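All chains should be modelled from the sequences, with the hints used to inform the complete structure.
There are 2 protein chains.
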Amino acid sequence: MSLLPSHAVIREVGLRDGLQSISTILPTAVKCEWVRLAHAAGLTEIEVGSFVPPRLLPQMADTAEVVAFAKDLPGLSVTALVPNVVGAQRAMDAGVDHIVLPISASTAHSQANVRRSPDEMIDVLRSIVAERDTRHSQVRIEAGIGTAFGCGLQGHVPPTDVLRLLCGALDAGADCTSLADTIGYADPVSVRQLFSQAREIAGERIWCGHFHDTRGLALANVFAALECGVSRFDASLAGIGGCPFAPGASGNVATEDLAYMLASMRVATGVDVPALLTLRALIAGHLQGETLHGTIHRAGLPLTFPETTNANAP
Amino acid sequence: MSLLPSHAVIREVGLRDGLQSISTILPTAVKCEWVRLAHAAGLTEIEVGSFVPPRLLPQMADTAEVVAFAKDLPGLSVTALVPNVVGAQRAMDAGVDHIVLPISASTAHSQANVRRSPDEMIDVLRSIVAERDTRHSQVRIEAGIGTAFGCGLQGHVPPTDVLRLLCGALDAGADCTSLADTIGYADPVSVRQLFSQAREIAGERIWCGHFHDTRGLALANVFAALECGVSRFDASLAGIGGCPFAPGASGNVATEDLAYMLASMRVATGVDVPALLTLRALIAGHLQGETLHGTIHRAGLPLTFPETTNANAP
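In order, the protein sequence lines correspond to chains A and B.
Going by my numbering, the first sequence opens with residue 46, and the numbers climb by one from there.
Going by my numbering, the second sequence opens with residue 46, and the numbers climb by one from there.
Calculated from the structure, these hints are not laboratory results.
Note that the structure is a prediction, hence the values are computed from the model and not measured.
The beta-carbon is built from N, C-alpha and C at its ideal position, and this holds for glycine as well.
One thing to keep in mind: the hints can contain errors.
Claimed, not checked - Footprint (simulated), chain A over chain B, 3 or more residues, beta carbon under 8 Å: (1) 143-154; (2) 197-210; (3) 243-252; (4) 304-312.
Unchecked claim - Have a look at the derived ranges for each label pair, beta carbon to beta carbon: (5) B:S172 / A:G345: 31 to 41 Å; (6) B:L101 / A:R343: 19 to 29 Å; (7) B:A106 / A:G345: 31 to 41 Å; (8) B:L101 / A:P119: 28 to 38 Å; (9) A:P99 / B:P72: 53 to 63 Å; (10) B:E176 / A:R343: 40 to 50 Å; (11) B:C212 / A:H331: 46 to 56 Å.
Have a look at this one:
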């Protein structure tokens, strides 16, 4: 059986992928408090929002302010999603460390999401890289390949389409890529197959796995990806988020559940799970009326939970 | 990466492990309908109840009647749990195919559950085997090693205690054994370690994995066990059941979620997942007011769900 990585990074995306999918608009001060406490709990990478037109996503209108706050936290990689060149310019103006450009492997989903084909998004990526180089910016650019395991509109997404897009993104200058199960179609075997192939092509430039728990398999999928050597995962506090193609379904894997599983398996993350549970309770108080997810907050940590989780943190 | 088994068996235990943990007492006719429809959906092994004193578990008072009904269904292995010799005698009188004797690896849990130490339960097992042999019965006897991954009372349960008990059970004449994560303390790495060691000792006599989803890891744990070659899993429709040591927590892995994951990975089970979802809705109607679990019934099957799940069923 495959050895697991000794360390892994949990990237919090609840402030972006989570909040964009629910109706509550959190005040900027609450978002900043979330970022501050997540960082204090040991998270070193946080996607704090997206640079999209505020008329489309008013939840994200204050992303530049949250970035400004987050930049002052020591050692934190401040990440934002951008859908186009204008968004990337705003992200660079704001001073983010890391940009994620979503590129959907499903043509149908890509058109619905950003009104561009996957290949046109590769062109967008190329333009963002050029903009970065013109500015002599140090920002890292990630191509987030979405609907990589299937699409609620088109159904099957051939792995060859995903891998072709992955190669295209790297050729266009992406520093790294991630594979996203946007709507919860992946299973541990498809994760194994696609991540293994992707890592054969791109090695460590396969930066992150992004799993939605829509059909309950997110943690099993994380385990399968860990076995392929993947060691960075997106997660959303309280599993917030959702999917327009699966009403009532869960969003991203819950940060606290992922942190619990990794700690149980002695995969070091540097994350303080009890602190994360305290943060979850705080944010839940600000999200009343929204459907939250996750399991460990209900059951509580086992008596046997490792007390020295942070001892060998990265 | 390890090959998965091509086939697996899902054993429905909701009528026993599920119903014993909730306050609703299902009428015998409803239990029989559940058994009939589960069998019709392709389940070939069902734990229909337990032979315990009715004053302790009135939910199980009609187990002999349910057994009598289930015995008429072609190809169904009718299973019942027994806590002692008297229970085993009643089970054999009723004509079950398969008996499960729970033996807790945690002394504290064993005393709380059956008022006997683990070693005393090995003696009980030996007496049940003798009873079976005296009767020239063909019933198969399984030792279900519980709290194998930790205990809510005593905390850590050393794997050596579990393996010692496993050897003791086989020496005492158990036909097969299972390892149960009774309270949801297991993680994929501990599952790998313990099941690998157990299979080195007992091979195919490691009959079944029993995972509770108390902390959200049941499906990940199933995947890890599959990688060890384990190919039979207990599951409970709608994830019913629970744990006295974790109020509000989930019970067994949900049958429909497990069937969905296995079908997605092309591990053949012979189970018709849509039929299972229909059955879930029917039983949920009889369990109003109870906390149900599971995920796939909310999100629905993916567009890409294999239509030929049953084509290579066992």
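Verify the CB-CB distance for B:L101 and A:R343 against the hinted window 19 to 29 Å. Roughly 27 Å apart at Cβ, these two residues keep to the hinted range, so it holds.
Should the hint that B:C212 and A:H331 are 46 to 56 Å apart at their CB atoms be regarded as holding? Hint holds: Cβ distance 54 Å, inside 46 to 56 Å.
Does the Cβ-Cβ separation between B:E176 and A:R343 fall within 40 to 50 Å? holds (42 Å)
Chain A over the stretch 243-252 of chain B, status - at least 3 residues with CB closer than 8 Å: violated (count 0)
Evaluate the given range 53 to 63 Å for the C-beta pair formed by A:P99 and B:P72. 57 Å Cβ-Cβ, so the 53 to 63 Å window holds.
Verify this for me: three or more residues of the stretch 143-154 of chain B with a beta carbon less than 8 Å from a beta carbon of chain A. violated (count 0)
Cβ-Cβ distance between B:A106 and A:G345: within 31 to 41 Å? Holds: the Cβ-Cβ distance is about 33 Å, inside 31 to 41 Å.
Look at the Cβ atoms of B:S172 and A:G345 and judge whether their distance stays inside 31 to 41 Å. holds (38 Å)
Cβ separation of B:L101 and A:P119, checked against the hinted range 28 to 38 Å: violated (58 Å)
8 Å C-beta criterion, at least three residues: is the stretch 304-312 of chain B covered by chain A: Result for this restraint: holds, n = 5.
Count the residues of the stretch 197-210 of chain B whose Cβ falls closer than 8 Å to any Cβ of chain A, and tell me whether that reaches three. As far as the stretch 197-210 of chain B goes, the hint holds, because 3 residues have Cβ atoms under 8 Å from chain A.
Violation of the numbered hints given earlier is confined to hints 1, 3, 8; the remaining hints are satisfied by the structure.
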